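A.B. asks: As a plain string of letters, each chain reads:
Number of protein chains: 4
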Amino acid sequence: MVIVIQCLDKVGLVASIAGLLQEQNLNIVSMREHVDSIQNRFFTRIEISIPVDAQILESQLKSILPDDAQIIVNPNPLKRIVVLATKEYHCLSDILIRNHFNTLGAEVLAVIANHTNLADICNRFEMPFHLISHEGITKEAFESELYTLLQKYQVDYIVLAKFMRILSPNFVEKYPLKIINIHHSFLPAFVGANPYRQAYERGVKLIGATAHFVTNQLDEGPIIAQQIIPVNHSFTSKDMVKAGMEIETSVLANALQLVFDDKVLVYQNKTVVF
Amino acid sequence: MVIVIQCLDKVGLVASIAGLLQEQNLNIVSMREHVDSIQNRFFTRIEISIPVDAQILESQLKSILPDDAQIIVNPNPLKRIVVLATKEYHCLSDILIRNHFNTLGAEVLAVIANHTNLADICNRFEMPFHLISHEGITKEAFESELYTLLQKYQVDYIVLAKFMRILSPNFVEKYPLKIINIHHSFLPAFVGANPYRQAYERGVKLIGATAHFVTNQLDEGPIIAQQIIPVNHSFTSKDMVKAGMEIETSVLANALQLVFDDKVLVYQNKTVVF
Amino acid sequence: MVIVIQCLDKVGLVASIAGLLQEQNLNIVSMREHVDSIQNRFFTRIEISIPVDAQILESQLKSILPDDAQIIVNPNPLKRIVVLATKEYHCLSDILIRNHFNTLGAEVLAVIANHTNLADICNRFEMPFHLISHEGITKEAFESELYTLLQKYQVDYIVLAKFMRILSPNFVEKYPLKIINIHHSFLPAFVGANPYRQAYERGVKLIGATAHFVTNQLDEGPIIAQQIIPVNHSFTSKDMVKAGMEIETSVLANALQLVFDDKVLVYQNKTVVF
Amino acid sequence: MVIVIQCLDKVGLVASIAGLLQEQNLNIVSMREHVDSIQNRFFTRIEISIPVDAQILESQLKSILPDDAQIIVNPNPLKRIVVLATKEYHCLSDILIRNHFNTLGAEVLAVIANHTNLADICNRFEMPFHLISHEGITKEAFESELYTLLQKYQVDYIVLAKFMRILSPNFVEKYPLKIINIHHSFLPAFVGANPYRQAYERGVKLIGATAHFVTNQLDEGPIIAQQIIPVNHSFTSKDMVKAGMEIETSVLANALQLVFDDKVLVYQNKTVVF
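Residue numbers (numbering that gives the first Met the number 0), protein chains in the order written: chain S, 0 to 273; chain V, 0 to 273; chain A, 0 to 273; chain G, 0 to 273.
No lab work stands behind these hints, which were simulated from the structure alone. Note that the structure is a prediction, hence the values are computed from the model and not measured. We treat Cβ as the ideally placed atom computed from N, Cα and C, and that holds for glycine. Among the hints, erroneous ones may be present.
[As the list claims (entries may be wrong)] To be clear about the criterion: a stretch of chain V counts as covered by chain A if any three or more of its residues have a C-beta under 8 angstroms from a C-beta of chain A, and this derived list gives those stretches: (1) 132 to 145; (2) 181 to 195.
[As the list claims (entries may be wrong)] The calculated BS3-like cross-link candidates involving lysine-lysine, where the alpha carbons are at most 25 angstroms apart (straight line), are: (3) G/269 to V/262; (4) G/9 to G/269; (5) A/86 to S/262.
So that you can see chain S by itself, here it is in the shape it has in the complex:
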């Protein structure tokens, strides 16, 4: 059983929380606490061994913590997610496989895509596949359709598994810190079209991937996980794309595991990953 809390920092928070747990004879199996002293923000993640009534504990915690406290007790271990994709198979397939063998830590309810390419792989896993084409309609109309469909699924998270449409601030606001995205990252950063071509021409020795929450605050949102894969001059730009796919798949899987294990806390534009 997991307890995740963030709130304004003050002296005695750990004592209050741990005291409350002790009163109920609950043993803390694992605990991490972090104070962002610049933001004056308190973060903690506590694992206890014996399950208790989550709602009762949550309201007990509420009563002893600052008003702004965000408290999650015993979050559903199986998050409900919908995956948005476009044409690329690598991230989605990895998620479908993990979902199928119950190692994702989440239940994929459906896949929504703006192209039909990935319908077949979804069908193979009896995964509901919805096509919402963006062609011939406004972004507003597209997102309205998307939102209507998403509302039918009570999602905990929306995973953008190489979904190639930029979501409007209006849409993003409806799912604060609920949308997870993966994208390639380069050193140096390449702006403009075809970054892999630029990376090739520049002879980079690394290709990275970044998984992050989607927000309107900044261009990218709070980073959950990042990793890189080495490349070299013998890689064509096509090989670099392939290497990018490998690292994107791996970083997204890693980020999802952290999020689904309730190990990622967000404040402002920054994550605490316990």
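Starting from the known structure of chain S, arrange chains V, A and G on it as the hints suggest.
C.D. replies: Just chains V, A and G, lined up with the frame of chain S:
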């Protein structure tokens, strides 16, 4: 200010500790707690922002914790260490440089070696260098000399920076969890003479290094840090030795930083690294 | 178009090979050459841009190279493989996905397993699945059945994707350097039952995986690829198993790509990976 | 003995080169060739076992290769270098140590700095240290002084070991592909002052370092080596600076080894690293 505790686990330990800190108006800036449920062992590392009297706090903690509790409050941030070496320069030089620029988190009091090769580099940093040759004397006599010399320095830790003598159980017992060693590691493990030659002949693709505490319990003792460096067929066995030197230097530096920051707790043959 | 050659080393081999290509106006786009000076062995891999008749070029090369030369010209880019598995899904699923999207560089003809667990995932991709149970029969009988089945498929390679039976020397001899295996690797190496439990109890900081050819020469055979994943004290032995699965999947995928791209040459118990 | 060649690509280059070596009974121990098919550029690096007269071989190669060929035969294994630094000790110290123990693959002739901080560490190794302050003089005057001093040392390479002055195009032109720089790299890239502070505030999970040749062509020049080090929320911006120092030291050392081993060929804004 840092508090490090390990003891038998029981319900309420975090509450007791945090309560004590709260009473003194001390804010926990960072905290990590781990329970080894198989060993039933509690570990924690707490950072508080305001310094207090360490001895008083330590005795207060003693009074509320189980009898077997090992408590360290406000450990001296500058550990006192002596480095033992033989002929190889890479780990020792790295330590001397960090020591010289005050980024080691420890104060190197002296270097002791069983060969003279490294006397010069020590002299360049006005580092006391002691030669204790093992030649022509028994291991007992050698270690007796070593022990006499070490006693003059009040060491917190002894760092074996490629010290090529195996220390007897008798000697090791005098410094429980105070001796840190670095050695190369291979996949698969190569026993017998010249592991680099074997690694070359076997065409390994990785060379590893392991930093660990020296104990008599097992062949190796509790692992502090491990890391690897990729190699390939174009590496001669000499190149592999060189790659091994790089990774040994890097892993030892990393392990020392963790130990000197009081982030490494040991129980039985296993470390908890916060 | 790819040319892969290994033979006894002697002066002038590159000149002879490159001269032959020049006569036919063939441009070398990429070339790697390595001489193992201890074994006195010559290895090269050459990519040429314009396709020619492979059989003619191969016999031309034969005529100018030492008698023992192993020459492969224009190897079928799509290797024919059969995958052997037991119960674990991670490596097999990854192979099935890549096979399905034509990015494996090989064609998976069938899956053979000694348990039925993985039949379902194979069916989802219309992949022929054959059960050969090892229960109640001798190893000889089991392998005889296996061999009979394998002969029906003209395989280039057999991939052991967590196949939990040890193949006899007799069987292995039938497929020299044609069987690729993946297994976990630890630093230190743990012998005996349940290595993950031992790794947990020992507090290792890394879990590795090694992909190798299966031979009778040594316990493990020539190493194709190795990589590691960091772990720490917070990992239960179950978490370590999970981390092991991630790195096994990744290392096997990497090794297969190298083998299927004809970048791996083997001599004695060692690979040259170009 | 090493031969490094780059020129316009055409059919038969390997045959010509290898033929010439064969005539002189020279055995190719290791060879790598790469054609950049977009740039139509040929690159090769050849190791031969028996030493011959470099000048004669070079002129022989010139006579059989395209006019634009850049040929280096038997480059001095001990490059002559001067290191430019400012105040930070980490990269310079690492270079001084390797130089002192003759494992740098280069001879450091002198250190030039625009501050006195690093004079002491140079003195400890009897390394000539020159102060050229940039204060109170124009960039032109500063670089003129620098150039005058550098001319006294016949340098093969100038290593910028955290040299915090931007060199003018005019100066850089005097040392084409002879100046090697190291700098931190971030994902995403942070522009403006204090990138570490920005990285901290953004909660990045990686800090990278890039070693590259300094050119006027682009902001950064051809990349030689890149690597990253993982960081997390518990790192203060000061900790991130420290992590950055570790990876900068390591990447610069790696890049220098590649350059000093004549494994790095440059064309346009891109390296081929054999």
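A.B. asks: Just to be careful, I want the Cα atoms of residue 269 of chain G and residue 262 of chain V compared with a cutoff of 25 angstroms; is the pair within it?
C.D. replies: Given pair residue 269 of chain G, residue 262 of chain V is violated - Cα atoms ~43 angstroms apart, limit 25 angstroms.
A.B. asks: Quick check: do three or more residues in the segment 181 to 195 of chain V have a beta carbon closer than 8 angstroms to a beta carbon of chain A?
C.D. replies: holds (count 5)
A.B. asks: For residue 9 of chain G and residue 269 of chain G, compute the direct alpha-carbon distance and say whether it is at most 25 angstroms.
C.D. replies: holds (20 angstroms)
A.B. asks: Is the straight-line distance between the alpha-carbon of residue 86 of chain A and that of residue 262 of chain S 25 angstroms or less?
C.D. replies: Judged against 25 angstroms, a Cα distance of about 30 angstroms means the pair is violated.
A.B. asks: For the segment 132 to 145 of chain V, do three or more residues have a beta carbon lying closer than 8 angstroms to a beta carbon of chain A?
C.D. replies: violated (count 0)
Of the numbered hints stated above, those contradicted by the structure are hints 1, 3, 5, listed in ascending order.
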